[in-house]
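With chain Y fixed as given, assemble chain E onto it according to the hints.
Chains Y and E are the protein sequences, given in the same order.
The first sequence begins at 1 in the working numbering and counts up by one.
The second sequence begins at 1 in the working numbering and counts up by one.
The hints are simulated quantities; they were obtained by calculation from the structure and are not laboratory data.
Take the hints with a grain of salt, since some may be wrong.
Ranges between beta-carbon positions, derived for each pair [claimed, not checked]:
#, chain 1, residue 1, chain 2, residue 2, range
1, E, 194, Y, 85, 31 to 41 Å
2, E, 194, Y, 125, 20 to 30 Å
3, E, 307, Y, 78, 55 to 65 Å
4, Y, 75, E, 194, 17 to 27 Å
5, E, 254, Y, 267, 18 to 28 Å
6, Y, 122, E, 85, 58 to 68 Å
Quick caveat: nothing in here was measured; it's all calculated off a predicted structure.
Beta carbons are placed, not taken as given, at the ideal position from N, Cα and C, and that holds for glycine.
There are 2 protein chains.
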Amino acid sequence: MGSPSLKIVVDAMGGDFAPLNEVAGSLEALRDRKAIEVILVGREEQIRPELAKHNTRGLSVSVVHAPEVITMEDSPTAALKQKKNSSLGVGMNLHKDKKADAFVSAGNTGAVLSASTLILGRIKGVSRPTIGAFFPSEEGVCLLLDAGTNVDCRPQHLYEFAVMGSIYANRIFKYENPPVGLLNIGEEESKGNEVVREAYQLLKNSPLNFVGNVEGRDILRGKVRVVVCDGFVGNAILKFGESVPSFLKAKLLAYAGKSAVRRAMLGLVRGALRSVFKEMDYEEYGGVPVLGVNGVSIIGHGKSTPKAIKNMILKAVEVAEANVNQHIQDMLAGVVVRPADAVIPAHE
Amino acid sequence: MGSPSLKIVVDAMGGDFAPLNEVAGSLEALRDRKAIEVILVGREEQIRPELAKHNTRGLSVSVVHAPEVITMEDSPTAALKQKKNSSLGVGMNLHKDKKADAFVSAGNTGAVLSASTLILGRIKGVSRPTIGAFFPSEEGVCLLLDAGTNVDCRPQHLYEFAVMGSIYANRIFKYENPPVGLLNIGEEESKGNEVVREAYQLLKNSPLNFVGNVEGRDILRGKVRVVVCDGFVGNAILKFGESVPSFLKAKLLAYAGKSAVRRAMLGLVRGALRSVFKEMDYEEYGGVPVLGVNGVSIIGHGKSTPKAIKNMILKAVEVAEANVNQHIQDMLAGVVVRPADAVIPAHE
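The shape of chain Y in the complex, shown without the other chains (with noise of 0.2 Å):
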């Protein structure tokens, strides 16, 4: 209680209800948790009004202003060089000056990739910073990085995936020296492209729980809390698992057909398939960090809902104070043997 409040920074321009969302989350995290500050950046004129509309007596929240609004069709590096003074291109640079902890954006998901790399800057020994994703198994939560932020890997970029991703699963979802895989075609040492060969050795010969290869199945099934792999196939695998919960509504309704007995029964099954699936929601995560970069970014959804901005807010104190850049670094620089040792506080 004697550290000085943390206080992150909320681009109010982001997602597609802005700045309405992003006000309503801001004050519920404070709510949840007063001891923090929200810097609101944006387009003052239209955040003050939104903030009137709610009481926040007692809660630590500014505005800074930024004219600009980086949206989701402008091309993300483009966009940061054009709109100088956009929400997040301010916003970031007050991350930046140490004027604030944490960076937090449901907008443009390239823009803000960019913005945390360039502005920020990469972590020492990182090649390439990295967004993963999470995925809900059949025992707790497995991490696959890259998710589609890097195509083209080389087996470097997923070796620092590997570490990147045992940190965090290690210090924020506080599993034991967790149990890494490299996606493969097969289990066997010779499976799979060069690339991934040459990456097995990397892991292999490293202080991480690696397991060996691993296949599309085990994502799901829980016997590893970190996946790595090319962002090219993690983004497939993102993005076909997202289309699961609607595919399945449109098979079970078309069972259903006019059936009033079965439309009942799927009205039933509904709330234990949407607590399923809710795993799978990832505004429930608070967003997804860019890892590998000097600082705390969060990323989330552009739907993102007040509830949603709360969570990611509050996923990056959590973020922040876990000092996971720290202990990549020290990682990657050979300092910390292995995860499971980054539970011992080293730098708080």
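Quick look at chain E alone, frame taken from chain Y:
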């Protein structure tokens, strides 16, 4: 009816329950389609006693002895060389020598693929034979290829997969001018790695019904009938998809817990889910074809039931009758302009 009956070679030693299921399934197929003949290839001393258990009167079934067996553990290419008299090798050669019109096996997939390619040879114009996977979708079937046979594909390979998939979807699934998608991490033409960007151009300038890039989510959505990708990606998606039913089952059981009401509800919904996943059960599809070889070679799951074997045989008959290979060759040579034209009988 005037045409001579088609002869199908069945690798009687292929599956995990060989020759029991192979014999039973073959007889089921013959009862279904009296006009065909089945040649069971394998250890005569094991096949004959199985046959003796059934009433085979009026069914055209014969046995060709082959003393050796390639197991699931055998290395595909080594096994073919070392076991010259395997049921797989002997059977495939019968097909090659035109003593049979198709070959069916529930054995070692890699070995069947190797034997198909090495013994039958490739169709003119095909660089790499391929094995696809069938996915159910919100509407119709989606054929994904390559599903794991070829990693490190070049753009030309992806183009050829698209041609083979289109012909198969047209001739076997009866889709007119089937829409083809290129799996990528986004819809824009500029997305992805160099291979897919080049493949995009090949496909755009082809006579295929190319709809552009598709994402992982589009497989189950049913907007395309054929999706092409590198075998590494295809295999990961296939295996991820195969793991969905058991994941759901585990999650729903956990959801039900000890509640009698919820458990009863799950009992009700099981039928619905089973009907959905039945479509995903490739035994129902009658195995998957090796596309691009000079012949008809159908591969089934090692655990194939008699029903699955029967369906594989019937599928082999269908593929042989549909003249799929000639259509592939013609299209790659530019003779047939688009798969829809193939509906007009040109070779029958």
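Here is what the structure says about each hint:
no. : hint                       : result
1   : E:194 to Y:85: 31 to 41 Å  : holds, 36 Å
2   : E:194 to Y:125: 20 to 30 Å : holds, 27 Å
3   : E:307 to Y:78: 55 to 65 Å  : holds, 57 Å
4   : Y:75 to E:194: 17 to 27 Å  : holds, 20 Å
5   : E:254 to Y:267: 18 to 28 Å : holds, 21 Å
6   : Y:122 to E:85: 58 to 68 Å  : holds, 60 Å
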